[in-house]
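Protein chains: 2
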Amino acid sequence: MTDFTQQDFRCMARALQLARRGEFTARPNPMVGCVLAVGEEIIGEGWHAEAGGPHAEAAALLAAADRARGATAYVTLEPCAHTGRTGPCADALIRAGVKRVVAAVQDPFPAVAGQGFAKLRAAGMAVDVGLMQDAARDLNRGFLSRIERGRPFVRLKMASSIDGATAMTDGTSQWITGAAARHDVQRLRALSGAVLTGAGTARADDPQLTVRDTFPGGRQPLRVLLDSRLTVEQRARMLQDGTATLVFCVDDSDRERFAATNAEIVKVAAKDGRPSLPAVLEELASRQVNDLLVEAGPTLAGSLLMADLVDELVIYQAAHIMGSQTRGLVVTPDWTELLDRLPLRITDRRVVGSDFRITAEPAARPAHTGN
Amino acid sequence: MTDFTQQDFRCMARALQLARRGEFTARPNPMVGCVLAVGEEIIGEGWHAEAGGPHAEAAALLAAADRARGATAYVTLEPCAHTGRTGPCADALIRAGVKRVVAAVQDPFPAVAGQGFAKLRAAGMAVDVGLMQDAARDLNRGFLSRIERGRPFVRLKMASSIDGATAMTDGTSQWITGAAARHDVQRLRALSGAVLTGAGTARADDPQLTVRDTFPGGRQPLRVLLDSRLTVEQRARMLQDGTATLVFCVDDSDRERFAATNAEIVKVAAKDGRPSLPAVLEELASRQVNDLLVEAGPTLAGSLLMADLVDELVIYQAAHIMGSQTRGLVVTPDWTELLDRLPLRITDRRVVGSDFRITAEPAARPAHTGN
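These protein sequences, in sequence, are chains L and Y.
Counting with my numbering, you get residues 1 to 371 for the letters of the first sequence.
Counting with my numbering, you get residues 1 to 371 for the letters of the second sequence.
Keep in mind the hints are simulated off the structure, nothing from the lab.
Among these hints, one or two may not hold up.
As the list claims (entries may be wrong) - In silico contact screen, one side only, chain Y against chain L (beta carbon under 10 Å); selected entries:
hint	residue
1	H82
2	T169
3	R345
For glycine and all other residues, C-beta sits at the position ideal for the given N, C-alpha and C.
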């Protein structure tokens, strides 16, 4: 393991900060930041703003111009070695006379995957890998999930009262949470390549699942609906606004009904009469979805949790007690013992307007001792 | 309204801090603190440690000795004018030659209720009332509730997962929360004159409801059980440990069964076949209970909430999702619309060990618009 200097940490921290600027725009590409430094001085900065645009290294080299000779380049991800929509960054760094490259993580993307580092080393450059790699992996956990696991990073958004209720028994739920929490959900949508919901929510709420608030450079996520038997109405808002919505089913005999809508019907393998969740996630990864936001009812939310397919939970908790004439957060028939409960590792807690937001990751269950 | 000086605020803040030292011991008396000051200098401090012991003023006068002449006395509650277990503090202040008294609040206790102030003024003393009165009232909300409303301050303690579950469907609930939260509940018990539970919890958990952890000078709260038809077993731990437990019922025909236990059976008015909750609270106030801690199941908790008899909720939230094969926090059949939910004013949120504690007060419901 290389001994990194304080200057190395300072420059990589800055590169990570720059990378984050692409959070609403870089997808399906990873967010990448680059800092060029000579001694204590930063002589060029860059980040990857959008697919087809300059990579972070190219932007930093452009800023540094002819001062890059002899510099150290700090990159949050391995420089590419292949010609994609832009030329290989490894070649550009070599051409500019950079003498050392410090990278946070190797790019798992098959066309890179160590070949960028190999090319740099072959040109005589010093290459140090692994500086602040946890932060760098966290930044691109969606992209890394798609490449490494073949499925998007799955974020489950939920909203409830303090006693875990999401609606009254009659279904009334507007609004459990306040305006600030709803705006925060818009931000989560804008960060995501796709937003997933189920047929029950589509029927009950007729949601648009679009980003209505403005985020700099933000694009609309792909809308995804799970509807086993294509029961959703043609006039549903998410099928009528001219932008594609992906509809997963297990029985597409009613497919023709959706010819005049913007639905793209995809039939997938069934599990218990419903779309196989791993198959759905695999299909979304093949469509370059890095981050999937799930905004679903308790049945689909529970199914994802029981199948261990949720990577992060974002729970908005309203300061209310709603009582027992209500519906709960999740439907989890398989969890019958206290040991079945899902332990969470809380990663963030904060006030969002009148509500409280809890961000958490599923943690390992204690081993069942058996009976 | 008197214009209080910075010195006035400084001394009253100190008096409030001193008063708090009696939190585990002063009951059923109020917590009171007293500071004697001459100019910038504090020449005596006192607080009321326990019933029968010196009042705060007497303790401060003792500390100041003959320097009290011409001093200002800061007291968090009106000095008493009557002879109780100790002589009247108003007389002691006059005798010591104190020239000004600043009090946070008037004592609503009928034997005081302005007579202390009147006596001081009659002796030619300057008396200013109302400095930091919100903090002073908050400190003694239990005592003030008992005197002003004729019922204890009611604190409802609950523990659940993040999705609001308190037990699996089969009743398994040990333990939802961790050791630090359970210790914190011991502290709440030690702060309370009584701890209330219901027959269901008594049957299911056979709790002792005693303070087992050590708090300085702490005493055991009175245990209170609501058991409409006296169905609890004689061998229940809270009836067999030699310390009195109050059992409220509406049908005491089985009273004889408890002759050999430490139960004191009290028959009260019924409402819907159960002990009338206002009647129970009134009886507890008559027994000088200032603060009542409720550690009950979802039915009794829900009944108290529906009856608007809860003053504070303390909710320990464990970092788990327990799912739908579970029991909820409260049973509230009367709340059928979203407008029926109980809005909370959050007064504190903090991590307690592995859990999260939310402290809140019921807030006003938005007015129903009617249908």
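The hints, checked one at a time:
Because the beta carbon of H82 (chain Y) sits about 42 Å from the nearest beta carbon in chain L, more than 10 Å, this interface hint is broken. This hint holds: T169 (chain Y) has a C-beta 8 Å from the nearest C-beta of chain L, less than the 10 Å allowed. For the restraint placing R345 (chain Y) at the interface with chain L, the shortest Cβ-Cβ distance is roughly 7 Å, inside the 10 Å limit, so the hint holds.
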